[in-house]
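**Q** The chain contents come next:
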Amino acid sequence: MRTKVLVPAMRGVAALSASLLVLSTLGADVAETYRKNLDDVLGTTSYVTSTDADSARFVSDYETVEDMAAAAKDIAIREGQEGTVIMKNDNDALPLSGTSEVALFGLAAYAPYPYNAGDFRGGNDDAVELLQAFEDAGVTVNSTVKDFYVNLMNKHEVVTQNMWTGADEYSIGFDYIYNTTVGDMVDFAITEVPANEFENLGLASDWKSKINKEDTTAICVFARPGGESNTYGAGTAVNYAGEKTGEDPLALSEDELSVIDAAKETCSKVVVLLNTGNAMLISDIAEGGAHEVDGIAYIGCINDYQCIGIVDVLTGKVNATGALTEAFVADNSSIPAVQNFGGDYYADAETLAANAENGYDERYPNVDITNTSAVGSFGGGDPTYSGGEYIVEAESIYVGYKYYETRYFDAIANPTFNAASAAGSTQGAGWNYGDEMVYSFGHGLSYLPYEQNIKSVEVENTVDGNVTAVVEVKNNGDADGNFLAQLYVSQPYTDYDKENLVEKSAIMFLNSAKVFVPAGETAEVTIEVPAKYLASYDYKNAKTYILDAGDYYFTAAAGAHEAVNNVLAAQGFTTADGMDADAKGTATAWNGNKELDTVTYSIENDVEVTNVADDADLNYWTGEDTVTYLSRQDWEGTYPINYNKDVQITLADSPKAEEWINLLKGKVYEIASDSPATEGEDKGIRFDATSIGYEQLENVNDKYWNELVSQITIDEAIGAVIHGGSQTDTLTNVDNPIVLQNEGVCGFSAAYTDEATGKVYHFNVNSQTLLGSSFNPQLAYEWGLVEGNSGLWLERYQLWGTGLTLKRTPYNGRNYEYISEDPMLTNRIGYGTLKGCTEKGILNGPKHLGFNDQEHTRNGIAVYLNEQKLRETDLRGFQGGLEDAKGLAVMIAFNRLGPTNASAYAPLITNILRQEWAFTGVISTDMVNNIYYFTPEGSVMAGITQMADFATNDNHINLGEGGVDGSWGYLSLDAVKNDSALVEKARENLKYQLYTFANSALMNVSTEKVEVWWDTVLNTIKLASGILLVVSALLWLVFSVKPSKSKEEN
Amino acid sequence: MNSIKKITPGIILTVITLLLSVISIIVYNTNIAGEGYFHNAAVSNAVKFNVLGIVVLAVAIVLALVPVEGVLAKVLTILSDVCRIVAPALFIAAVLAIVTARVEGFAFIYFSNVEVLQEVQTPANISSAHGAIANIVFLAITAVVGIVSAFFSTRKEA
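If you read the protein sequences in the order shown, they are chains E and R.
Residue numbers for the first sequence follow numbering that gives the first Met the number 0, so the first one is 0 and each next one is one higher.
Residue numbers for the second sequence follow numbering that gives the first Met the number 0, so the first one is 0 and each next one is one higher.
Read the hints as simulated data drawn from the structure, not as lab findings.
Be aware that one or more of the hints could be misleading.
Computed list of lysine to aspartate or glutamate pairs in EDC-like fashion (alpha-carbon distance at most 16 Å, straight line) [said to hold, decoys possible]:
{"id": "1", "chain 1": "E", "residue 1": "Lys-542", "chain 2": "E", "residue 2": "Glu-603"}
{"id": "2", "chain 1": "E", "residue 1": "Lys-542", "chain 2": "E", "residue 2": "Asp-614"}
{"id": "3", "chain 1": "E", "residue 1": "Lys-539", "chain 2": "E", "residue 2": "Glu-866"}
{"id": "4", "chain 1": "E", "residue 1": "Lys-35", "chain 2": "R", "residue 2": "Glu-103"}
{"id": "5", "chain 1": "E", "residue 1": "Lys-145", "chain 2": "E", "residue 2": "Asp-205"}
{"id": "6", "chain 1": "R", "residue 1": "Lys-47", "chain 2": "E", "residue 2": "Glu-960"}
The structure displayed is predicted, hence computed values, not measured ones.
Please work from the sequences and hints to get the whole structure.
**A** And the structure:
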């Protein structure tokens, strides 16, 4: 009887313990792979860092966390103070100090965008919203309007439960709120409550009588949101009633205009605040508009404390010094870049598919791979190269104001250039600047009257030289204040340029600075900028940077349009010639360059600068002049057509069809099989402070680094590069510290908890939009220092902490992360931010180098352009931070450059970034979400140091089934061990990465892995189940073999 | 009649386990054949473990039903029992293989940033995720029932 019971019992226990053993053993492997993610979800900390304060190279400037938080808050407030742009100010609408009351209209007035914490916003307990900022500043807010909106919106806490931990998570919700989701070129609902709904929704019918019109200024706030993977689509607006209007979603809707009309009816003055990262269409409320208001101000996308600074400007506590980072135009369809936006498929895109008909891809035998763009940005679904779509950036260098101001200049100075033709006109038969432009780049009104003029300009005409301008700012007002000085240049546009299609903007922003000037006095401010940015790239003839002979006009002005008028006046033109205003300042001519110079800027960092990206031009592939790039010498004949709809691009017709198609399939590099790589072996060299001295920190080519990485095994050399996201793992023979990667553009999203008080601090309080519109590189530098300091406090050393992609069009849903449409403003703000972080030893990688300027189909769309545009627009925006400020990291664009994934594009990463710019930092891909789009061998050879997959502890290419790579089945140790070039390139990439780590605050710390509670649980289960399995299996066997007692008795 | 009398709770539970494991593999195939995120996303290790589990269970049932007595019966019973000890562990291994392969997909679908949820959480992707979850749940239940069945004998004591 005893045996009869024990046999099944022991068998059952054996089955249970065997299952638990498998569960705990394999589960531990899974948990190890996703350790960082589990830590995030479960709130555990698997890695602890210890700081040796005595020998630290990078230490925080703040002794207490309160000081750290106060510094971050101070920057945020200053962003509000310096970034708020007064675009229009009539009838003394601003500052508000003269009025006794304000009435706040619009949903965004009570919940400025963004209102929820997360990637966009810190979420500190003491955050200040606009309403509170007004009240704190002593401004009386009309209670009738306020109560209506507050009750209507019904701000409330939304509690959701973390599905893993069960912990409550809080966010802010409203019953009525503006739309915060753009979507991807889909209908966009503008949900502003129109005025005719006010009374239906609870506002007393006599509400108008509750506003003292004479003494009340209306502040109307309207928002347009942004978001990753989001793109506005032209004509997609939907109104409050849910009807499609066909209007531009960035235009003020009829519902919003009705709110403005109600405000005009009830208040003596109306000011509209634009709460967005996207340039909006505001002709209706600007001068001469049907709903013209007294004042308009741009307030960007706020963060926790910016509203304090914004109200400081609106109330006149500080002078207004912000300026527009983008041109605000009358109609987005007038923008040359918009003519080619979104993209579409090649006529024969099906040629790209791998299937039985076309033939299979040898890397993926018998796998059907399509050409279609992957679902959204996140892959999934059928295998696809995501290579079927393309776009042509035919506008060349004429992005934003550069197009409008240059065409305006030519309409006056160069009548043969057809500037007044109908091409590109949206407001009349002939193109007219005043009709197309509402507020240009750099525009921003000051409360205090002032003048700015260049006192002197020196051009040190060498590749390492500087342009140094002394700008004299005269305060004509009766109060002390800060002022913005902006430096512009007008380069000569020569016959050589026309012949060789070297484009020149008639006016180019160079740099800017803020200066304090007492009332009635004059102060000087020195503005510097590297002289190399005066040069233009000639991709046709000289195939390098050139500096034309002729007069370079430098001018200081309150915006690009004022600057171009200053230059026109200096050249003898007047309003009689068509200028729309007299010059407000002078322009100083520099003509130190007497003849065309093709040499001075052709060598950079000892590297010859020449064409490297011919294959990014569609004409290279078609073999003919398919694309006509916009050229100012003929505005009419070169105004961009749409290269997706107006012409048919057929891959098969190309004389280079096979090469083209192969690149679109990601066949960038063929792994060799005849050149055995040297296997890494332990030579006892380690990544530690005792081995890394001054020489090693100064020189990435010091023999130590080569010897260090020569120890890395082939498996790990390739594996560590191609599985480098989330965190950088420890290499076996190197013992480098683990580096966790962090988001985001507002600062480290991780929070700091003060153990003594339990108080939680969020240091990610930056606003990219307001930092940009501050036009203050010094403020950017100070923010960079604060961002770097916060990394030291958080003990996190790498983040993707700024966005420097250009705002090519207003439709990009991610413009809120970026600085400007202008390369040099982006360049200088990026310079400041990255310089600050680098000085604190923090790897701050800007996103996303290489024309990631639309989110729509970003994960595969091919961007075609010429090399002048390549070098003088998007890349120039990054150059200041990465080359001049010696930034420590960068993230590459998601899209293709030409047919090649930007992350496998060696001309960008090796030739320009590593060689010309001498960049020694970490180079990461964006999210590796599609194995058929991202090709590891291509990225290794291009110079990527880490491909951003999201698992951890996966430094190997033998972790998949059958010893092949876990992601790319065609990769294995056997597949790569006979390609010495590939392996050595991977080691070189890791060398740069380790060199960067050594030059960062990482060298302050040691990282140690500790056992967290779930490690303990898994290990205990593993041990207990193993013992139980052995015991129960033995007992089961013994009792099974042993004759049963009852039988013996029988 | 005699053969029916020989059917023990252990046999019944083992057969149920076998059926559940077959359903699991059908759910798996339906999931990867259907539209959505996990379309064509095969997990060969999971299939191997699942199929191996099915084979092992089938062997266990056959061995248990072979009409022999004496020492041979004892040997076959031991072999059958070994199969029933091993089978749940195989299903657990299959569960973990599926979870490992699906976890990033689940993260994309359920935990992407709010602003991209609209494009990520399409009906097809949600349905695909539900299918994958159903696959995991069925395999887990299969393993649990397999463990329970091991506590019951497949042969009636003489």
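**Q** It remains to establish, for every hint, whether it holds in the given structure.
**A** Each hint, compared with the structure:
With a C-alpha separation of about 14 Å, the suggested pairing of E/Lys-542 with E/Glu-603 holds against the 16 Å cut-off. Distance hint between E/Lys-542 and E/Asp-614 is fulfilled; the C-alpha atoms sit about 14 Å from each other, no more than 16 Å. Taking the CA atoms of E/Lys-539 and E/Glu-866, the gap is about 9 Å. The hint holds against a cut of 16 Å. Of the pairs offered as hints, the one joining E/Lys-35 and R/Glu-103 holds, with about 13 Å between alpha carbons and a cut-off of 16 Å not exceeded.
For the given pair, E/Lys-145 sits about 15 Å from E/Asp-205 by alpha-carbon distance, which is consistent with the 16 Å threshold. Straight-line distance between C-alpha atoms of R/Lys-47 and E/Glu-960 comes to about 12 Å, which keeps the hinted pair within the 16 Å bound.
In summary, the structure agrees with every hint in the numbered list given earlier.
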